[in-house]
Amino acid sequence: MATTQLPLRPGPNARPINKPGHVTIRTRFFSVRLNTRVLGMSLVAGIAMVLLAVWAMTLGSLHIPFADVVGATFGRGDEDARFVVRELRFPRVLSAILIGAALAMSGAIFQGIVRNALVSPDIIGINAGATLVATFWIVTGLSWSLMPLAAFFGALLTAAAIYALTWKRGIAPERMILVGIGMQAALAAGTTYITVRFPVEVVRPAVAWTMGSIYGSTWSDVGVLALFLVLAAPVGIALMWPLRALQLGDDVSRGLGLPLEGVRLSLLVVGCALAAAAVAIAGPIGFVALMVPHVARILGGPASGSTMVLTGFLGATFLLLADTVAQHFLPVSLPVGVITAAVGAPYFLFLLYKSNVRV
Amino acid sequence: MAVAAPPLPARAATPQGRWNLAARGLGLLVGVAVILLVALLSIRVGSIGVSNRDVWNALFHYDTSNYEQVVIRELRVPRTVIALGVGGALAAAGAIMQAVTRNPLAGPSILGVSSGASFAIVTAIYFLGLTSASQYVWFAFVGALIAAALVFMVGSAGRGGATPVKLALAGVVVSALLGAWTNALILLDEDTLDQARFWFAGSVTGRDLGTFWTVAPFLLGGMLISLFIGHQMNVLSMGDDTARALGMNITRTRLVSSALVVTMTGAAVAVAGPIAFVGLATPHLVRAVIGPDYRWVLPYAIITGAVLLTVADILGRVIMSPGEIQVGIVTAFLGAPFLIYLARKKAVA
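Residue numbers (this note's numbering), protein chains in the order written: chain A, 421 to 779; chain B, 12 to 360.
Keep in mind that the hints were calculated from the coordinates and are not lab data. Given the structure is predicted, the values throughout are model-derived calculations rather than measurements. Just so you know, even glycine gets a beta-carbon here, dropped at the ideal spot from N, CA and C. Among the hints, erroneous ones may be present.
As the list claims (entries may be wrong) - Calculated pairs, SDA-like style, for lysine to any residue (alpha carbon to alpha carbon, straight line, at most 25 angstroms):
#1 Lys356/B <-> Leu577/A
#2 Lys588/A <-> Tyr352/B
#3 Lys588/A <-> Leu353/B
#4 Lys588/A <-> Asp671/A
#5 Lys356/B <-> Ala584/A
#6 Lys356/B <-> Phe556/A
Unchecked claim - Beta-carbon label-pair distances, calculated as ranges:
#7 Leu139/B <-> Ala468/A: 41 to 51 angstroms
#8 Arg55/B <-> Val622/A: 33 to 43 angstroms
#9 Val474/A <-> Asp202/B: 34 to 44 angstroms
Unchecked claim - Not everything, but these chain B residues come out facing chain A in the computed CB check (under 8 angstroms):
#10 Ala191
#11 Ile197
#12 Leu204
#13 Asp205
#14 Phe209
#15 Ala212
#16 Arg355
Please construct the entire structure, taking both the sequences and the accompanying hints into account.
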């Protein structure tokens with residue numbers, strides 16, 4: 421090659437440009453800058469999550485001490501404790517963690533794509549599609565075991581329909597919001613129609629499902645969720661860098677050489693996969709996807725891979741906390757979706773009230 | 012063509028511009044005519060057949076012993092009046108809210124009004140065992156006002172006062188919180204769920220005119236005032252800095268217009284339940300046709316909202332006659348495809 425090649429990476433004498441509180445990692449193939457402060461917060465949230473998880477597993481009609489829970493998780497201790505922890509409590513705790521992380525990250529992705537603070541995965545109809553299918557499934561008395569699968573397809577079908585209806589030489593976020601609102605209104609009306617048409621005793625379990633709950637989680641649920649999270653979360657974190665460019669507006673990101681529609685589609689697919697898996701298994705748990713990304717931004721600054729990691733951990737901790745409260749600290753049993761709002765809203769209001777951060 | 016025309020003044024007094032003005036003015040008259048037509052249709056159509064003579068007599072020579080006339084006076088007229096008033100008020104509230112928050116997602120329910128009303132009603136059903144819409148009205152209205160006041164307190168605290176995003180976020184959070192409590196009460200008691208699910212669907216049937224008159228001052232007064240604040244909404248929708256530079260007291264304008272929204276929406280929700288789509292979509296439909304000038308958007312939104320809700324109510328009666336589909340469900344089914352079509356056709360935002 422005779423052409424002069426631009427230096428793609430700095431030579432041995434180049435000084436790394438380091439912002440305080442950041443670590444820059446350069447390798448042969450890529451370079452990333454990590455925000456150590458935010459990653460530190462993620463670590464704290466992660467430790468809190470683990471402690472909370474172990475504590476949550478000690479609670480219940482059979483009290484198991486802290487140390488025994490840890491032992492039972494690894495297959496030691498007496499048989500009762502082992503059964504209760506490994507077959508009943510551990511899957512539920514893991515489900516809460518995985519669902520919380522998935523919902524929060526999905527919310528962060530959608531708020532980023534659409535550049536609108538009020539957006540959550542609902543906007544592309546994930547919840548409304550899943551809810552309509554699930555409500556129909558429940559009131560008509562079809563098999564419970566196949567319901568998550570049906571809800572999953574309902575969610576994906578709706579998302580695909582919204583993408584197709586929005587597409588017009590590209591995806592404009594504003595158009596997607598409007599199409600989403602329209603689609604969602606129609607689907608929600610369908611659900612309402614079902615709830616007023618059928619007798620109240622078959623409607624009640626369906627209404628309960630629409631509030632989102634994670635009792636009776638099994639290892640297969642955990643497996644499905646973990647699969648989705650392992651596949652989608654790293655991609656989501658990696659996509660935060662192009663997303664930052666995307667947030668500068670379409671023209672700027674095109675000028676930066678970003679494959680706009682490609683990035684947008686990948687983000688949508690990742691966000692959809694995360695939300696759809698969570699919704700299919702737990703129902704449309706409100707509030708997590710909407711609010712956790714805001715909390716993460718208030719604590720950790722604007723969208724970046726590091727903030728995304730923090731978002732995931734905060735979501736997981738938050739849903740686990742809400743589920744623990746729902747399960748053990750209430751006189752009556754309520755779906756966790758009721759608690760996420762009841763626990764999360766006051767905190768968020770406090771944050772909004774106190775904080776001088778621009779949200 | 013050959014003569015170079017002198018440059019036109021910036022504020023286009025072109026024939027084109029005049030025609031637009033005339034057409035828009037004429038459009039308002041046509042709109043009023045359409046409202047009357049739809050109102051008559053709404054009185055005439057239903058599962059119990061009535062003749063044109065019955066309609067005429069019921070309106071002008073009311074005879075209480077005539078079954079058809081009683082149906083018209085006691086059932087059809089109230090629901091028609093309620094649908095017109097609620098539809099117009101919701102649409103006006105939605106348009107104002109979208110100007111205040113500069114967010115196309117903002118509907119009148121964004122200030123927590125619907126969820127406040129829902130929570131108050133469910134609480135009233137659960138603890139006091141209320142059963143009819145006329146009993147709900149005051150609970151719903153007060154609940155709506157309290158929720159909105161809470162949203163304002165939180166949204167306007169801290170630096171910068173009530174910025175649109177903070178206000179909207181506070182609204183969403185308060186709605187989520189009240190929604191959670193509402194859901195909890197519904198799940199605890201099947202009878203409450205049975206009562207409340209019909210109210211949640213949004214309906215204008217089964218309310219007498221007395222129910223409407225309790226909140227009519229708020230609905231009609233709100234609509235009347237919103238006809239005169241188009242100019243302020245125009246300035247506000249240009250952004251805080253521009254509005255401030257033009258000499259507007261932003262905080263006051265925002266507070267007053269939001270209070271207007273809360274009053275109208277609270278009253279509408281109190282009578283008809285949370286009808287979601289009219290307030291959100293009507294302003295978009297109107298702007299797509301006549302442009303972004305709020306002095307025109309507001310009157311057109313009132314007309315369109317009133318017509319939309321009444322037509323939806325008529326359709327709800329006809330589609331599954333003699334059964335009925337709640338008007339809130341019909342508006343969503345009707346409005347959604349139209350909104351999607353408009354979103355695709357041109358930039359609606």
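Structure-based check of each hint:
| no. | hint | result |
| --- | --- | --- |
| 1 | Lys356/B <-> Leu577/A | holds, 23 angstroms |
| 2 | Lys588/A <-> Tyr352/B | holds, 12 angstroms |
| 3 | Lys588/A <-> Leu353/B | holds, 13 angstroms |
| 4 | Lys588/A <-> Asp671/A | holds, 17 angstroms |
| 5 | Lys356/B <-> Ala584/A | holds, 14 angstroms |
| 6 | Lys356/B <-> Phe556/A | violated, 33 angstroms |
| 7 | Leu139/B <-> Ala468/A: 41 to 51 angstroms | holds, 42 angstroms |
| 8 | Arg55/B <-> Val622/A: 33 to 43 angstroms | holds, 37 angstroms |
| 9 | Val474/A <-> Asp202/B: 34 to 44 angstroms | holds, 41 angstroms |
| 10 | Ala191 | holds, 4 angstroms |
| 11 | Ile197 | holds, 7 angstroms |
| 12 | Leu204 | holds, 6 angstroms |
| 13 | Asp205 | holds, 4 angstroms |
| 14 | Phe209 | holds, 6 angstroms |
| 15 | Ala212 | holds, 5 angstroms |
| 16 | Arg355 | holds, 6 angstroms |
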